[in-house]
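Same order as they appear, the protein sequences are chains X and R. In terms of the working numbering, the first sequence opens at residue 1 and continues consecutively. In terms of the working numbering, the second sequence opens at residue 1 and continues consecutively.
Some hints could be false.
To be verified - Okay, derived cross-link-like pairs now, PhoX-like style, lysine-lysine, Cα gap no bigger than 25 Å in a straight line:
no.: 1; chain 1: R; residue 1: K305; chain 2: R; residue 2: K286
no.: 2; chain 1: X; residue 1: K13; chain 2: R; residue 2: K150
no.: 3; chain 1: R; residue 1: K198; chain 2: X; residue 2: K52
To be verified - Beyond 10 Å from chain X on every Cβ pair, some chain R residues (computed):
no.: 4; residue: E63
no.: 5; residue: R99
no.: 6; residue: N151
no.: 7; residue: C233
no.: 8; residue: R242
no.: 9; residue: S243
no.: 10; residue: E282
no.: 11; residue: D311
What the hints assert, rightly or not - Cβ-to-Cβ under 7 Å is the rule here; a few derived chain X residues that face chain R:
no.: 12; residue: L3
no.: 13; residue: P6
no.: 14; residue: L32
no.: 15; residue: P36
no.: 16; residue: L43
no.: 17; residue: H45
no.: 18; residue: G47
no.: 19; residue: F48
no.: 20; residue: I50
no.: 21; residue: Q51
no.: 22; residue: D57
no.: 23; residue: E60
no.: 24; residue: I64
Honestly, the hints are just simulated from the structure, not real lab data. Keep in mind that this is a model prediction, so the values were computed, not measured. Glycine residues also receive a C-beta, built at the ideal position from the N, C-alpha and C atoms.
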Amino acid sequence: MCLAIPARIIELKDDFATVDIEGVQRSCNVCLINEPALGEYVLIHAGFAIQKWSEEDVEEYRTIINEMYEQEE
Amino acid sequence: MDLQKHIEIISDLAEQVGKPVKFMEVCGTHTMSAFRSGLRSLLPESISLLSGPGCPVCVTPNEYLDKAIAISRLPGSVIATFRDMIRVPSSESSLEIERAKGADIKVVYSPLDALAYANSNPEKKIVFLGVVFETTAPTVAWTIREAAKKNISNYSVLCTHKTMPWAMDGLLMGGDVQIDGFLCPGHVSVIIGSNAYKFLTDKFGIPCVISGFEAFDMIASIEMLLKQLVSNCAVVENQYSRSVTPEGNLSALSLLDEVFEPCDIAWRGLGIIPKSGLRIREKFFKYDADMIFSDIDLPKSIQEKGCICGDVLRGTRTPLDCLLFSKKCTPDSPLGACMVSSEGTCSAYYKYRGDSVEF
Ligand code: SF4
Chain X
1 MCLAIPARII
11 ELKDDFATVD
21 IEGVQRSCNV
31 CLINEPALGE
41 YVLIHAGFAI
51 QKWSEEDVEE
61 YRTIINEMYE
71 QEE
Chain R
1 MDLQKHIEII
11 SDLAEQVGKP
21 VKFMEVCGTH
31 TMSAFRSGLR
41 SLLPESISLL
51 SGPGCPVCVT
61 PNEYLDKAIA
71 ISRLPGSVIA
81 TFRDMIRVPS
91 SESSLEIERA
101 KGADIKVVYS
111 PLDALAYANS
121 NPEKKIVFLG
131 VVFETTAPTV
141 AWTIREAAKK
151 NISNYSVLCT
161 HKTMPWAMDG
171 LLMGGDVQID
181 GFLCPGHVSV
191 IIGSNAYKFL
201 TDKFGIPCVI
211 SGFEAFDMIA
221 SIEMLLKQLV
231 SNCAVVENQY
241 SRSVTPEGNL
251 SALSLLDEVF
261 EPCDIAWRGL
271 GIIPKSGLRI
281 REKFFKYDAD
291 MIFSDIDLPK
301 SIQEKGCICG
311 DVLRGTRTPL
321 DCLLFSKKCT
331 PDSPLGACMV
341 SSEGTCSAYY
351 KYRGDSVEF
């Protein structure tokens, strides 16, 4: 139940943002993070952004996921 | 990262440790990831992974569910909850059975959905089941504060939020299970920060590593725990640095503090653990379902005979020690919370029992 997934902010309005999660768009609350900005990556949990991810964090995540797929093939 | 290379490093470190070791993960998402990826069977025989009390649904005692069910039977009341709670057996029923009998039970993805439903249905009383750890508790706190701001008086929370470091403290204080290191929960730690575990390493001399959720993250974390054992040190390390900071999410922590205060709370299998719960502060009592429904009649709480969920959650026994496992108790007809929740240990053992998985 503590699962959280990375998503990119594509629209911001007051306390809420539209985020893109691998092509799927969702609304989420951004009150729990400081100064959310368009294009930034955030971790989403239960409808809230709970942390920002830097470009390097996203890169590290992609590397881990890609290597896992490679191991499975 | 070459998986094989890391497994070799782990085997080498395990040999240097020179005795069997038990690492406990205290997050249901870690439990599932370890099973799904086959990680358990990749580890050397001397390393066991124990699943601790990391599934919030599993650690919620029957008394809480009994109260939720009693509320659901009141005219005009609506229970809003995450999906995993629906099928958990209580003393004499479940939310699923109550729904079949006509109770209004809504499955929601976020407490925001419950608050929005309350806002657009003022004639109904919406009670959200606050059965979560620190990852989700701030989202519930936000809805309570928002309900107060907008005076949405038909929204309340039946609160049994729990906090993880104090449960780990309770487990170690209980002393009936050998734990050589903790894989600390990644997303709980996003909120509370890595510093929150420091008292455990100081008090018990037990290594703690905050781990991400992919199999590679967990392998790297196990390697870090073993390195600590080899060098005979016990500190908090952060493998999941892409999400977790030392101080945590300060906005979320301040919101938690505004709405909740620490309290002693009952965990299934662990009993009452001091300071390990969060209750709603007096300022927000109007939104506290425990206060609103304080005089409701409850049945005598009964546990399923033969179910050893409590021991499984403490890590003293595994589901394979339960005589009901996969016979009378299956995901289709679960007798205990650990078989219902998708993150429950019994459910994970059942799902992966046919695979060549090392338990
Ligand atoms: S298998 Fe079922 S009855 Fe046995 S401990 Fe697990 S949930 Fe309880």
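Tested hints:
1. K305/R / K286/R: 38 Å, violated
2. K13/X / K150/R: 19 Å, holds
3. K198/R / K52/X: 24 Å, holds
4. E63: 20 Å, holds
5. R99: 20 Å, holds
6. N151: 18 Å, holds
7. C233: 26 Å, holds
8. R242: 4 Å, violated
9. S243: Not fine: 5 Å to the nearest Cβ puts S243/R too close to chain X.
10. E282: At about 23 Å from chain X, E282/R clears the 10 Å cut-off, so the statement holds.
11. D311: About 22 Å separates D311/R from the closest Cβ of chain X, which puts it past 10 Å; holds.
12. L3: This hint holds: L3/X lies near chain R, its Cβ roughly 5 Å from the closest one there, short of 7 Å.
13. P6: Not OK, violated: P6/X not within 7 Å of chain R, min 9 Å.
14. L32: This hint holds: L32/X lies near chain R, its Cβ roughly 5 Å from the closest one there, short of 7 Å.
15. P36: Where the cut-off is 7 Å and the nearest Cβ of chain R is about 11 Å from P36/X, the hint is violated.
16. L43: 6 Å, holds
17. H45: 6 Å, holds
18. G47: 3 Å, holds
19. F48: 5 Å, holds
20. I50: 6 Å, holds
21. Q51: 5 Å, holds
22. D57: 4 Å, holds
23. E60: 5 Å, holds
24. I64: OK, holds: I64/X within 7 Å of chain R, min 5 Å.
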